[in-house]
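J.: Those protein sequences? They're chains A and B, same order as listed. Residue numbering for the first sequence is 1 to 172, as defined by the numbering used here. Residue numbering for the second sequence is 1 to 172, as defined by the numbering used here.
FYI, nobody ran anything at the bench for these hints, they're computed from the structure. Where is the CB? At the ideal position from N, CA and C, for every residue including glycine.
Which residues of chain A face chain B? A few of them, derived with a C-beta cut under 8 Å, are:
hint	residue
1	Met1
2	Phe8
3	Lys22
4	Thr32
5	His149
6	Tyr152
7	Leu154
8	Glu155
9	Asp156
10	Ser158
11	Val161
12	Asp163
13	Thr164
A short list of chain B residues far from chain A (calculated; beta carbon distances all over 12 Å):
hint	residue
14	Arg61
15	Thr66
16	Thr79
17	Glu97
18	Phe131
19	Leu134
20	Asp170
There are 2 protein chains.
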Amino acid sequence: MKYGVVVFPSKKLQDLANSYRKRYDPHYELITPHMTLKDAFEADESEIKGIITEIAEIAKRHKPFTLHTTRVSTFAPLTNTLYFKVDPNPEIIAIHEDLHSDFFGGPPKFSYVPHITIAQKMSDSEHADIFGQLKMVGVDHEETIDRFHILYQLEDGSWTVYDTFRLTGDEE
Amino acid sequence: MKYGVVVFPSKKLQDLANSYRKRYDPHYELITPHMTLKDAFEADESEIKGIITEIAEIAKRHKPFTLHTTRVSTFAPLTNTLYFKVDPNPEIIAIHEDLHSDFFGGPPKFSYVPHITIAQKMSDSEHADIFGQLKMVGVDHEETIDRFHILYQLEDGSWTVYDTFRLTGDEE
Chain A
1 MKYGVVVFPS
11 KKLQDLANSY
21 RKRYDPHYEL
31 ITPHMTLKDA
41 FEADESEIKG
51 IITEIAEIAK
61 RHKPFTLHTT
71 RVSTFAPLTN
81 TLYFKVDPNP
91 EIIAIHEDLH
101 SDFFGGPPKF
111 SYVPHITIAQ
121 KMSDSEHADI
131 FGQLKMVGVD
141 HEETIDRFHI
151 LYQLEDGSWT
161 VYDTFRLTGD
171 EE
Chain B
1 MKYGVVVFPS
11 KKLQDLANSY
21 RKRYDPHYEL
31 ITPHMTLKDA
41 FEADESEIKG
51 IITEIAEIAK
61 RHKPFTLHTT
71 RVSTFAPLTN
81 TLYFKVDPNP
91 EIIAIHEDLH
101 SDFFGGPPKF
111 SYVPHITIAQ
121 KMSDSEHADI
131 FGQLKMVGVD
141 HEETIDRFHI
151 LYQLEDGSWT
161 VYDTFRLTGD
171 EE
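Construct the entire structure; sequences and hints are all you get.
T.: Right, here's the structure in full:
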């Protein structure tokens, strides 16, 4: 089964992201707007219990953090994906690193760019057009994130939340 | 803001429900298959904290329960809604009652029929047709539910999980 770890921002920020996703993101129906902390990974029933225990420990070690979106940016030319760029503060980077420790198979192949996707799988011309419109748009929004979730994927591609972890910072 | 409390069943049961929902449920995109424990209700930021504390206490009082789907049934003539009927065992009824205590404004207007919706908002003839096909289908499936979630609704009608509560049964 496929699992992933994400943050769901506030309703306000999700509504803003959805105003773009509705038109420009074919994954709009599969999951509500989110910031991925750990990309989709395979785990079977015998593995997932240990993984969740480890993730719960990680959540306990970290305090709530600030999610600050600064502007609309793009992953082009890698992919034609537009996103709200999230300021990669040390707190977010540290959680991401803990979720990619040796226990989880080590660091990801690409460096981590915290973001909330608002458009993807566009043609080159559509991408250039929409990015041209949106890069001038300010998305200077700040909020506190005090939790994240582990989700599993259904056969149709949609995601269901399995568990919620509070960032308590108890274990300093 | 609108909140609701639901159980998400296993991937297996959700995939089965989605095989029908994809075609027959216009809410297919808004939320993955679920059994509602508490219908959508309004709460503002000042209220929700106390509500969540109360729900967390309720989860602590109840143990994991068996979700047993027995057959496809309908809410017609009230509404043209088809669902997997869930056996209303005492454990489910007790959690539902606790989520409709005086604290929450008392019992709901209608008696509680635990279910997982698979089709809705059909015309009378479509309803008759699909129900005719599905009422012969057995959905004799049993699983253990050890958690439920509180969700909030976005402007586009979709639902985001806010928190997860484990049924621990600690406080007996």
